[in-house]
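J.: Chains as they are written, first to last, in our numbering: chain A, 1 to 501; chain B, 502 to 856; chain C, 857 to 1165.
Hints listed in this document are in silico derivations from the structure and should not be mistaken for laboratory results. Some clues are possibly wrong.
Cross-link-like lysine to any residue pairs, in silico, SDA-like; alpha carbons within 25 Å at most [claimed, not checked]:
# : chain 1 : residue 1 : chain 2 : residue 2
1 : B       : LYS597    : C       : VAL1136
2 : B       : LYS597    : C       : TRP1140
3 : A       : LYS190    : A       : LEU80
4 : A       : LYS49     : B       : GLN837
5 : B       : LYS597    : C       : LEU987
6 : A       : LYS482    : A       : GLU435
7 : A       : LYS474    : A       : TYR86
8 : B       : LYS597    : C       : TYR1139
This is what each chain is made of:
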Amino acid sequence: MSAPLLELRQLAKSFGGARALRGVDFDLRAGEVHALLGENGAGKSTLIKIVTGAHQPDTGTITVGGTRVADLTPATARALGIACIYQQPALFPDLTVAENIALRLESGGTLRRLDWTTRTQRAQELLQRVGARIAPSAEVRQLSMPEQQLVEIACALGAGARIVIMDEPTASLTQTEQHLLFAVVRELRKSGVGVIYISHRLEEIFALADRVTVLRDGESVGTHAVTAMDEAGLIRLMVGREVKQLYPPSESAPGETVLALRAVGCTASGVRDVTLELRAGEILGLAGLVGAGRTELARVLFGLTPADAGEITLRGERVTLRSPQDAVARGIAYVPEDRRRHGVVLEMPIEENMTMAIHRRIFRGAWLRFAAERSLALEFIRDLAVKCSGPTAVGGSLSGGNQQKISLARWLATKPRLLILDEPTQGVDVGAKSEIHKIIRRLAKEGLAVLLISSDLPEVLGMCDRIGVMRGGKLCAILPGKSDPHAVMAAALGTAEKGAV
Amino acid sequence: MNDSGTRDWKSLLLRHEMLLLYVLVAEWLFFYFAGTTTNRRGVIVGFGTVDRQFDILRHSCEIGLLALALTPVILTAGIDLSVGSLLGLCAILFGKFWHDAGMAIPVAAALALACGALGGALNATLITALRLPPLIVTLGTYSLFRGLAEAITRGAITYTDFPAGFLFVGQERWLGLPTQAWIFFLVASGVWVLVHRTTFGRSFRAIGFAPEGARYAGLPVERRLALAYVLAGLIAALAAIIYTARLGQAKADAGTGYELFAITAVVLGGTSIFGGTGSVHGTLLGVAAIAVLKNGLACLPVVMRMNAAEEMSGLLTGALLLLALTGSVLPRLWSQWRAHRSAAALPSPKPHTPT
Amino acid sequence: MNRYFRELSVVGALVVVLVAMAIFAPAFFQPQPLLSLVTREAPTLVVACGMALVIISRQIDISVGSIFSVVSVCAGLLAARGWPLALVLPAAAGIGALLGVVNGILVAGLRLPSIVVTLATMVTLRQGLNLVRQGEFVNMPDAVQWFGLPQTNGQWLLVGAALALLVLLGVAMRHVSAGRFVYAVGTDAEAARLAGIRPQLVTLLVFVFLGALTGCAAMMNIVQSPQVQPLSGMGLELKVIAAIVVGGVAISGGRGNLWGAFAGLLLLACVAPALTHLHVEAYWEKAIQGGIILLAVVADGVRSRKGRR
Chain A
1 MSAPLLELRQ
11 LAKSFGGARA
21 LRGVDFDLRA
31 GEVHALLGEN
41 GAGKSTLIKI
51 VTGAHQPDTG
61 TITVGGTRVA
71 DLTPATARAL
81 GIACIYQQPA
91 LFPDLTVAEN
101 IALRLESGGT
111 LRRLDWTTRT
121 QRAQELLQRV
131 GARIAPSAEV
141 RQLSMPEQQL
151 VEIACALGAG
161 ARIVIMDEPT
171 ASLTQTEQHL
181 LFAVVRELRK
191 SGVGVIYISH
201 RLEEIFALAD
211 RVTVLRDGES
221 VGTHAVTAMD
231 EAGLIRLMVG
241 REVKQLYPPS
251 ESAPGETVLA
261 LRAVGCTASG
271 VRDVTLELRA
281 GEILGLAGLV
291 GAGRTELARV
301 LFGLTPADAG
311 EITLRGERVT
321 LRSPQDAVAR
331 GIAYVPEDRR
341 RHGVVLEMPI
351 EENMTMAIHR
361 RIFRGAWLRF
371 AAERSLALEF
381 IRDLAVKCSG
391 PTAVGGSLSG
401 GNQQKISLAR
411 WLATKPRLLI
421 LDEPTQGVDV
431 GAKSEIHKII
441 RRLAKEGLAV
451 LLISSDLPEV
461 LGMCDRIGVM
471 RGGKLCAILP
481 GKSDPHAVMA
491 AALGTAEKGA
501 V
Chain B
502 MNDSGTRDWK
512 SLLLRHEMLL
522 LYVLVAEWLF
532 FYFAGTTTNR
542 RGVIVGFGTV
552 DRQFDILRHS
562 CEIGLLALAL
572 TPVILTAGID
582 LSVGSLLGLC
592 AILFGKFWHD
602 AGMAIPVAAA
612 LALACGALGG
622 ALNATLITAL
632 RLPPLIVTLG
642 TYSLFRGLAE
652 AITRGAITYT
662 DFPAGFLFVG
672 QERWLGLPTQ
682 AWIFFLVASG
692 VWVLVHRTTF
702 GRSFRAIGFA
712 PEGARYAGLP
722 VERRLALAYV
732 LAGLIAALAA
742 IIYTARLGQA
752 KADAGTGYEL
762 FAITAVVLGG
772 TSIFGGTGSV
782 HGTLLGVAAI
792 AVLKNGLACL
802 PVVMRMNAAE
812 EMSGLLTGAL
822 LLLALTGSVL
832 PRLWSQWRAH
842 RSAAALPSPK
852 PHTPT
Chain C
857 MNRYFRELSV
867 VGALVVVLVA
877 MAIFAPAFFQ
887 PQPLLSLVTR
897 EAPTLVVACG
907 MALVIISRQI
917 DISVGSIFSV
927 VSVCAGLLAA
937 RGWPLALVLP
947 AAAGIGALLG
957 VVNGILVAGL
967 RLPSIVVTLA
977 TMVTLRQGLN
987 LVRQGEFVNM
997 PDAVQWFGLP
1007 QTNGQWLLVG
1017 AALALLVLLG
1027 VAMRHVSAGR
1037 FVYAVGTDAE
1047 AARLAGIRPQ
1057 LVTLLVFVFL
1067 GALTGCAAMM
1077 NIVQSPQVQP
1087 LSGMGLELKV
1097 IAAIVVGGVA
1107 ISGGRGNLWG
1117 AFAGLLLLAC
1127 VAPALTHLHV
1137 EAYWEKAIQG
1147 GIILLAVVAD
1157 GVRSRKGRR
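One chain only, chain A, in its complex shape:
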């Protein structure tokens, strides 16, 4: 057999202190679909970014078609026939499909005459090859997300890509669209293209892939022929490890019901039919894969995308949450996932960040009281052990973990009843992580109801009294806190029956 299309040897990559990849081997042959599997943060996206040239590896070698490539840039990757179809396609929204395809495929020449008939014909032809019924003259902004993905695939086909990477292509597809896509993938395989296929849906992997490589904590834990594996085996490989980290023990006894949701949904953000109860002093984990609707649910509860179905009850009182102001007034606090964009205003001092959500309470009559602000900030800085030069340091000067603490302090200052934490320890170093865990525990002990959204399975298992698992915008299972990690993963992947609610 000829040399593999793509061969990666001992790839390693660190970001700051965090090691994203620790020596991964991977190879892709012509005419195969090679699935890449792993939890969130296992290193899949880093691997993809190295292959597409967006990141440079620290160590390790990349060999494409038998030749070693020293430094891979996005341009050389494209020239080598590597194409990537992302979940969120990077197309020009205002231009037509034909033009988007043409802009990718035509090269150079500022004063080139454009032949729209050819452009349209080629687009038509490529779209037909991927089985898409999209008019080349349609504007991309009018297409649905899956249609845009098909346009991306058409672009890859047109560019004559030999290595096609698909990053969760079916995340937002309907059943029929999925089958269409599978047919396209099989077509690609038949024509000798190598496909790296990333998906969390195990049934897809069994339906489509020839081989599967499982990543865990930045390492490859094995490459296997799909025919030799079963679902349980794959889940075991993905979860694998023991819960190494020590989590502070639960000390709280759940009190009155703080939050009750009944069939809550929001069409705009895809949250459907969520029913749950959360009591004071309880930590409810929300597990699930990226795009399962967890952040979307949090945004519904915080009034950013108001619910349009179901009932939300807070401490026995039915409420409508139309804006963050509504939510804050009702004692809901939300520490968002993207702290650099949403959690902290990077240009503003720590103290101003900390009081931002309590303007009404601390600044009576809208009048700034600097002394009160300063003492509150100092208190929180001491209380949460924020490492900074002082309360006037700007948010952008802090490390990720300390920014997270600022964001947390802002919301603790509101003295909330319900605290929603969205990936509170993502991108935070180990020391700060365990500090944040201790803080969460303490808050629960003080009677706060905590909704903890996390993709870190050990964290969810170690911290939460109960675990809700979301999939496709729905809450599909609620499991007890000390559950088996395999059960949680199985529920998140959708291989288990609906759990007891």
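Chain A is fixed; fit chains B and C onto it per the hints.
T.: Same frame as chain A, now just chains B and C:
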């Protein structure tokens, strides 16, 4: 290391306003010596006289008010091009209320102020409710307000013969200072307090730095933005009344081009056109620098011979704005360039935009 | 929906206005005054072509009025000194392009917001011109007027040239790759960069191009009268931007085309004569223009909110 960066940045801001103060003093001294002469009868004339200083104050009130109105708007990373036109419209309306509708001066003034706020509210509604860019909205109202002023006066009517009691506001002194200066200082302190001592100013900055971050912090972003634009309209109307009182007439072309001087004063005063950073005292210094320049030029013998004070000051103001803008981006360009050199050709990942 | 729906709706409005004129003020359609009207709008059309490119690339230039004035006076002075027209025309385009370079460097090179930059250059240029010329008119030699042709021929020449430019550029924007680069930069500069386009260069070039076209437009204007007025460009920027926005070019970049801008220009150009013919006072023109801008922006805003999923 990061913290020292913070301090550097802070001191830079401090330096900016201090620097402006030095420029202002130097400018004043220059005109004092170059623009003051003794006429044939041995009387001191020109820049150095007390009367001239009061004139500067008097002439800078309207543009100063517009600059104060624009400071909160620009802090939110917005812009309002329509304030000059709104000044014209409100001046006309004020004249019409008084002259044609026969209202008492205070009633007419109150109504004109209300109309100014209404004009600001039109901007605010289009910008917040429909999420249209402030630039094009206020470009549209810039044309609309001026056009309405012209339509109401048919391009010809000028309202004059205002009562002396009203002209006192614009042409006389009260407690030693031009009357309108007192109003200006009152508004300036009000805006200063609003921006630097209340949660409103805090919100303006937060919105200017990070509109999404402000929303996630539970700040009422739309209401704060609306406040900034309505306040701008209200202050523009006040400027219209003072303008009318100073000149003793209300014309449709009142305040033409004032928006440029106001924006220049704000940017010169250290407020970033990209929002977030800036101060009201900086704006006041910017206003003073422009006013001294404008009036000082008129006193220079060489300019007087050319009879081109207006043009000179306009030219220099435009050039000054370009310089101030260029100066404001130099630190950013410098750091970008350094980052570019250290990180060679690492492409920046495209930020995900939620749809 | 039809790709040209937005443009056709403007054409529809134009037809309605024309029909109304045909019924209530048939005098409007006398050939000679109509030709004069169209000739007066020809320079505006040339500037609008350039401005459309700038707006499609998600920028704006409000200094065109001042550039127009400056070039008018410069070209007038050159012609008055006896330069042949064959030299004055390229000189006019060159001066315009040079002023465009200044705007372009400030916007593309320093990444300053184009609205504030061009606001500053607008005033600097206008006041500089006033300072130097003190509002003085320039008297032109007779040979310059209508390029030395009989008036009607000269008028047809100007209209023909403007229309030729429109058609050429309109076609190029769709059928030459450089035109599509402008759209790509306007719809998403970052994606354009990834596709191998240099957004900053495109931005610089559209400003230079607009400057050059404004220079040509100034030339087309000064041949129409025996004197050059230094204030001839006052308010041109608003007129042009209004026409373009009304014609469906999105101020947020990437959308619209020159045909729409042309229809928008015709519609707005009909407003003033329509007002006169329908016995509405002409003082309403500016207010109506502002209203139309706002209406168009609001309509586009509502439409794009609906269109987004």
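J.: State for each hint whether it applies.
T.: Hint-by-hint comparison with the structure:
no.	hint	verdict
1	B:LYS597 to C:VAL1136	holds, 21 Å
2	B:LYS597 to C:TRP1140	holds, 17 Å
3	A:LYS190 to A:LEU80	holds, 20 Å
4	A:LYS49 to B:GLN837	holds, 23 Å
5	B:LYS597 to C:LEU987	violated, 35 Å
6	A:LYS482 to A:GLU435	holds, 21 Å
7	A:LYS474 to A:TYR86	holds, 24 Å
8	B:LYS597 to C:TYR1139	holds, 17 Å
Of the numbered hints given earlier, the model fails hint 5 alone.
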